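**Q** Turn these sequences into a full structure, and let the hints steer you where they fit.
For the sequence shown, my numbering begins at 1 and goes up steadily by one.
FYI, nobody ran anything at the bench for these hints, they're computed from the structure.
In this text, all values refer to a predicted model and were calculated from it rather than measured experimentally.
Every residue, glycine too, gets a C-beta built ideally from N, C-alpha and C.
Take the hints with a grain of salt, since some may be wrong.
To be verified - Within a straight-line C-alpha distance of at most 20 Å, the following computed SDA-like cross-link-like pairs (lysine to any residue) qualify:
id	residue 1	residue 2
1	Lys-94	Glu-62
2	Lys-8	Glu-30
3	Lys-8	Asn-38
4	Lys-8	Phe-49
5	Lys-8	Tyr-20
6	Lys-8	Val-51
7	Lys-8	Arg-37
8	Lys-8	Ala-55
9	Lys-94	Leu-105
10	Lys-8	Arg-54
11	Lys-94	Leu-56
12	Lys-94	Ala-84
13	Lys-8	Val-44
14	Lys-94	Phe-58
15	Lys-94	Leu-60
16	Lys-94	Arg-54
17	Lys-8	Pro-29
18	Lys-8	Arg-40
19	Lys-8	Arg-52
20	Lys-8	Ser-42
21	Lys-8	Tyr-36
Stated by the list, open to error - Per label pair, the in silico range of CB-to-CB distance:
id	residue 1	residue 2	range
22	Ala-70	Gln-124	49 to 55 Å
23	Thr-111	Arg-54	36 to 42 Å
24	Pro-28	Leu-98	34 to 40 Å
25	Ala-127	Lys-78	49 to 55 Å
26	Val-83	Asn-38	29 to 35 Å
27	Arg-18	Thr-73	28 to 34 Å
28	Thr-116	Val-91	38 to 44 Å
29	Asp-81	His-114	50 to 56 Å
30	Met-1	Leu-126	50 to 56 Å
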Amino acid sequence: MRISDLAKATGCHLETVRYYERIGLLPPPERSTAGYRNYRDSDVERLQFIVRSRALGFSLEEIRSLLTLASRTELSCKQVDGVARTHLAQVEAKQRELAALAAELRGMIETCHHDTRATCTILQSLAG
1 MRISDLAKAT GCHLETVRYY ERIGLLPPPE RSTAGYRNYR DSDVERLQFI
51 VRSRALGFSL EEIRSLLTLA SRTELSCKQV DGVARTHLAQ VEAKQRELAA
101 LAAELRGMIE TCHHDTRATC TILQSLAG
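**A** See the structure below:
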């Protein structure tokens, strides 16, 4: 399968597929005599794994770790669980940060009386 077919099958952009190949998340595919990349079904599965992991917010390094763990059948799921728990803690911390930002913005908006720009409480709050 060519790169355009792989991209279409996984919903991943062509340049992103090439990037994942460059950084080693996708193995280098075989090449046709004309130089075209030829991907296998296993490449589709691997790229789907990467795309789903990115959608959940995993970093490329976390995905690299997960792919390594997935390929080592002698390992238990405990290491994978550790990566997922660490990522969940990061997501929850980010949620708390975003909630604090939303509360601050809400407060700024609530004090706005739509007066002149010179008395705009939002601009005054942003200026410090």
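**Q** Now tell me if each hint is right for this structure.
**A** Each hint, compared with the structure:
The suggested pairing of Lys-94 with Glu-62 holds, with an alpha-carbon distance near 17 Å, which does not exceed 20 Å. This hinted pair checks out: Lys-8 and Glu-30 have alpha carbons roughly 19 Å apart, not beyond 20 Å. Under the criterion of a C-alpha separation no larger than 20 Å, the hint pairing Lys-8 with Asn-38 is consistent with the structure, at around 14 Å. About 15 Å separates the Cα atoms of Lys-8 and Phe-49, which keeps this hinted pair within 20 Å; it holds.
Taking the CA atoms of Lys-8 and Tyr-20, the gap is about 15 Å. The hint holds against a cut of 20 Å. The hinted pair formed by Lys-8 and Val-51 meets the criterion: a straight-line CA distance of about 12 Å does not exceed 20 Å. Annotation: proposed proximity of Lys-8 to Arg-37 holds, straight-line Cα distance about 15 Å (limit 20 Å). At most 20 Å may separate the alpha-carbon atoms for a hinted pair to count; Lys-8 and Ala-55 meet this at roughly 17 Å.
For the suggested pair Lys-94 and Leu-105, the alpha carbons sit about 16 Å apart, so the restraint of at most 20 Å is met. Proximity of Lys-8 to Arg-54 is assessed by CA-CA distance (about 17 Å); at most 20 Å being required, the pair is judged to hold. Taken as a hint, the Lys-94 and Leu-56 pair is honoured in the structure, with Cα atoms around 13 Å apart against an allowance of 20 Å. A C-alpha spacing of about 15 Å is found between Lys-94 and Ala-84, which places the hinted pair at or below 20 Å, so the restraint holds.
Distance restraint check for Lys-8 and Val-44: the Cα-Cα separation of roughly 10 Å lies within the 20 Å cut-off, and the hinted pair is therefore satisfied. Restraint check: the Cα-Cα separation between Lys-94 and Phe-58 comes to about 13 Å, which is no more than 20 Å; the hinted pair holds. For the given pair, Lys-94 sits about 18 Å from Leu-60 by alpha-carbon distance, which is consistent with the 20 Å threshold. For the proposed pair Lys-94 and Arg-54, the alpha carbon gap of about 16 Å is at most 20 Å, so the pair holds.
Pair hint Lys-8 plus Pro-29 holds up; C-alpha atoms about 17 Å apart against a cutoff of 20 Å. For the hint linking Lys-8 to Arg-40, the alpha-carbon distance of about 14 Å falls within 20 Å, and the restraint holds. Between Lys-8 and Arg-52 the alpha-carbon distance is near 15 Å, which keeps this suggested pair within the 20 Å criterion. For the proposed pair Lys-8 and Ser-42, the alpha carbon gap of about 15 Å is at most 20 Å, so the pair holds.
Of the pairs offered as hints, the one joining Lys-8 and Tyr-36 holds, with about 16 Å between alpha carbons and a cut-off of 20 Å not exceeded. Between Ala-70 and Gln-124, the C-beta spacing of about 53 Å keeps the proposed range 49 to 55 Å intact. In this structure the supplied range 36 to 42 Å holds for Thr-111 paired with Arg-54, their Cβ-Cβ distance being about 39 Å. Range check, Pro-28 to Leu-98: Cβ separation about 39 Å, and the 34 to 40 Å hint holds.
Between Ala-127 and Lys-78 the C-beta distance comes to about 51 Å, which sits within the given range of 49 to 55 Å. The beta-carbon spacing between Val-83 and Asn-38, approximately 31 Å, falls within the hinted interval of 29 to 35 Å. For the pair Arg-18 and Thr-73, the beta carbons lie near 29 Å from each other, so the given range of 28 to 34 Å is met. One distance hint, 38 to 44 Å for the beta-carbon pair Thr-116 and Val-91, holds here, with the actual separation near 42 Å.
Under the hint 50 to 56 Å, the C-beta atoms of Asp-81 and His-114, about 52 Å apart, fit the expected range. Between Met-1 and Leu-126, the C-beta spacing of about 51 Å keeps the proposed range 50 to 56 Å intact.
Consistency with the previously given hints is maintained throughout, with no hint failing.
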